[in-house]
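J.: The chain contents come next:
Protein chains: 2
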Amino acid sequence: MNKEMLKLGSNRSIIRELFEFSKLKKAELGDDKVYDFSLGNPSVPPAKEVNESIKYIIDNKSDTYNHGYTSAQGDNNVREAIANDLNKRYNTSYKKENIYMTCGAAASLCITFRALVESKNDEILAIAPYFTEYKVFVEGAGATFNVVPADLNTFNINFTELEKTVSKNTKAIIVNSPNNPSGVVYTKENLIKLASFLNEKQKEYNHPIYIICDEPYREIVFEGNTVSHIPSLYDNTIVCYSYSKSLSLPGERIGYILVPDKCFESKELYLACLGAGRAYGYVCAPSLFQHVIEACASLTSNMNEYKKNRDLIYNGLTKIGYECVQPQGAFYLFMKALEDDAYNFMEKAKKFNIIVVPSDNFGVKGYVRLAYCVSTETIINSMKAFEKLYKEYNK
Amino acid sequence: MNKEMLKLGSNRSIIRELFEFSKLKKAELGDDKVYDFSLGNPSVPPAKEVNESIKYIIDNKSDTYNHGYTSAQGDNNVREAIANDLNKRYNTSYKKENIYMTCGAAASLCITFRALVESKNDEILAIAPYFTEYKVFVEGAGATFNVVPADLNTFNINFTELEKTVSKNTKAIIVNSPNNPSGVVYTKENLIKLASFLNEKQKEYNHPIYIICDEPYREIVFEGNTVSHIPSLYDNTIVCYSYSKSLSLPGERIGYILVPDKCFESKELYLACLGAGRAYGYVCAPSLFQHVIEACASLTSNMNEYKKNRDLIYNGLTKIGYECVQPQGAFYLFMKALEDDAYNFMEKAKKFNIIVVPSDNFGVKGYVRLAYCVSTETIINSMKAFEKLYKEYNK
Chain A
43 MNKEMLKLGS NRSIIRELFE FSKLKKAELG DDKVYDFSLG NPSVPPAKEV
93 NESIKYIIDN KSDTYNHGYT SAQGDNNVRE AIANDLNKRY NTSYKKENIY
143 MTCGAAASLC ITFRALVESK NDEILAIAPY FTEYKVFVEG AGATFNVVPA
193 DLNTFNINFT ELEKTVSKNT KAIIVNSPNN PSGVVYTKEN LIKLASFLNE
243 KQKEYNHPIY IICDEPYREI VFEGNTVSHI PSLYDNTIVC YSYSKSLSLP
293 GERIGYILVP DKCFESKELY LACLGAGRAY GYVCAPSLFQ HVIEACASLT
343 SNMNEYKKNR DLIYNGLTKI GYECVQPQGA FYLFMKALED DAYNFMEKAK
393 KFNIIVVPSD NFGVKGYVRL AYCVSTETII NSMKAFEKLY KEYNK
Chain B
43 MNKEMLKLGS NRSIIRELFE FSKLKKAELG DDKVYDFSLG NPSVPPAKEV
93 NESIKYIIDN KSDTYNHGYT SAQGDNNVRE AIANDLNKRY NTSYKKENIY
143 MTCGAAASLC ITFRALVESK NDEILAIAPY FTEYKVFVEG AGATFNVVPA
193 DLNTFNINFT ELEKTVSKNT KAIIVNSPNN PSGVVYTKEN LIKLASFLNE
243 KQKEYNHPIY IICDEPYREI VFEGNTVSHI PSLYDNTIVC YSYSKSLSLP
293 GERIGYILVP DKCFESKELY LACLGAGRAY GYVCAPSLFQ HVIEACASLT
343 SNMNEYKKNR DLIYNGLTKI GYECVQPQGA FYLFMKALED DAYNFMEKAK
393 KFNIIVVPSD NFGVKGYVRL AYCVSTETII NSMKAFEKLY KEYNK
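Line by line, the protein sequences are chains A and B. Quick note on numbering: the first sequence equals residues 43 to 437 in the working numbering. Quick note on numbering: the second sequence equals residues 43 to 437 in the working numbering.
There are no misleading hints in this set.
Repeated chains share a single entry, so a pair holds when one copy, or any two copies, can fit it.
Subject to a maximum C-alpha distance of 25 Å in a straight line, what follows is the list of computed BS3-like cross-link-like pairs (lysine-lysine):
(1) 426 to 75
(2) 426 to 67
(3) 49 to 304
(4) 67 to 138
(5) 90 to 103
Source of the hints: derived by calculation from the structure; they are not laboratory data.
Go ahead and model the full structure; you've got the sequences and the hints to work with.
T.: Dropping the structure here:
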């Protein structure tokens, strides 16, 4: 068998491993005694229209429509609904032909990478801190994964490092804002600077360099911050979206790829995405949930819950003495570990039944990620444990 | 972008293209004037328990359970339910650890291929006639696709050709019975002969050669015929299953990979499958439908409908004068075209609003595939058109 795949299957994502650990621990101690901040599994229920739509569709439409194959690119009506929703919000003029329905953001990314990559020399960059699976997806598509080191002060884009990292082999750069794991929203100034830098580099190397926006957290953003629509700032932008977080449907695997007309050879690029989806066995996105999205494209879960959690956890932790950047979006907080080795810190936290993810997997050392998409009680109850953990280091 | 992916996206599967053509034609002429036999989209509704389960789950379980992430390998309860169901039917002793929930049979196959393939030298074989997308999936996983030419008399396994095709590079052979496109069920004698042949070859080459069973049609089988459980006949068997056809849920993308303990290094192979799924971006199988399958694992749609259709179409066509092997399972009929060039025949059929798929894509020349998972009326109404088509060739 393939040794690389065996390795990927054996050294599972640490997040998933912690999730399994937490399930065991909860079974042992009870749900309320384990403070599991490991997984980005939304705690806020979907908009009520989601379950209502499911029932409505089942009761009123035919089984073939509900559960049958759609076109590979997705049902026409859902793609139109999504294009219309984007157009309203971003003053754009997308059509259904720009949208390819997928099985979630991971599928969107893998398919986009596969569509773009021609050889192992092609490099796809991520900006640290970055979502740990990017490396797996990029290498899975046959490209080389490369990292732009973090700006540890702001966790925005580090342009000094970016200039050093971009080369003639750069095929694309992944932009993930609101960011997993830092919760930071890249400023519009930063994104404009990125666009102008990449435009220069495209000229210099005489080939397109794509921005691939991984934006599942687009709608989870707190007061005063706005998420820029990057295709309006930079032509060669492909958007990979998922309803996992905004509609709290992570298990349903439903999202899309947006290939705007302004992309270089956009029609061909769209077709190459369809081809890559075909080669990976993605026949179509789950049909019932395509129809649900048609009804719910403009809705989100109640995002105020995350804001409340953000305030509770950020204020609570900083009051104890922990250091962290205030999250502006998503539902993650990136906290400085109390020792250099984030793995050791994670292990110590486990002793207090606190489950956090060490930052090494996100391309930064010495931090941990807390996914605060948990019940408010979990956050409140966890504070005593965080205090004890802090005291361990400050005896 | 990647030229190979662009090609795959541009030269779409002919089946999907005919499906799109048929949609346009139906919009023009009305549904009842187009006899579309192109797509294996089940016409029989799902067992009523499917929609009932959806509603029950939504009304009685939590949103996080219903729509949240499951473990990558799938929810424990559904995997247990599937293992139990298999054990009852095949007198086996599978456990949940043998089952990996996937987004349907295409995903199962792509993931299995990727898990096995180490280099371009590895060959994966299909037995003609074969499902046209195998080539795409095998090559997508980086292996060489090779075909065992058909036994045109029975459409069972052609052993003379098999011996010529198997080599030291053979990594696996795909077995698809009941067969798409022929509707033939491989006899137990043939499968035992295959097992003994492969056991010899494994010894000769000193490495495992896997049978990969693609069995979405396992439950669609007509009187007198039985589908053998191949893992009971041959140790190195991996089963790729989907509920698309048996439960009429092709759009929902729900199925599994079964890696029996008897497989060589089965635990590692299972992990390599998980790794391949991860590299392809399959985070988990759609969660709501995992729970639905837990409730419906032992059920099927009403298969008598396909039997009725099989009799109508087989008897009708042979009465007119067409030649075809009587289908024993699945919902396809493989008919000899009335000229050598199946594409020309397809085009002529289109003029009578009959939509059939030319056999060249299935690895055999001069036939067409008819998917008779359509309404009984479509079959009855189509007969006049088939008569006219026949007369065109026999003036």
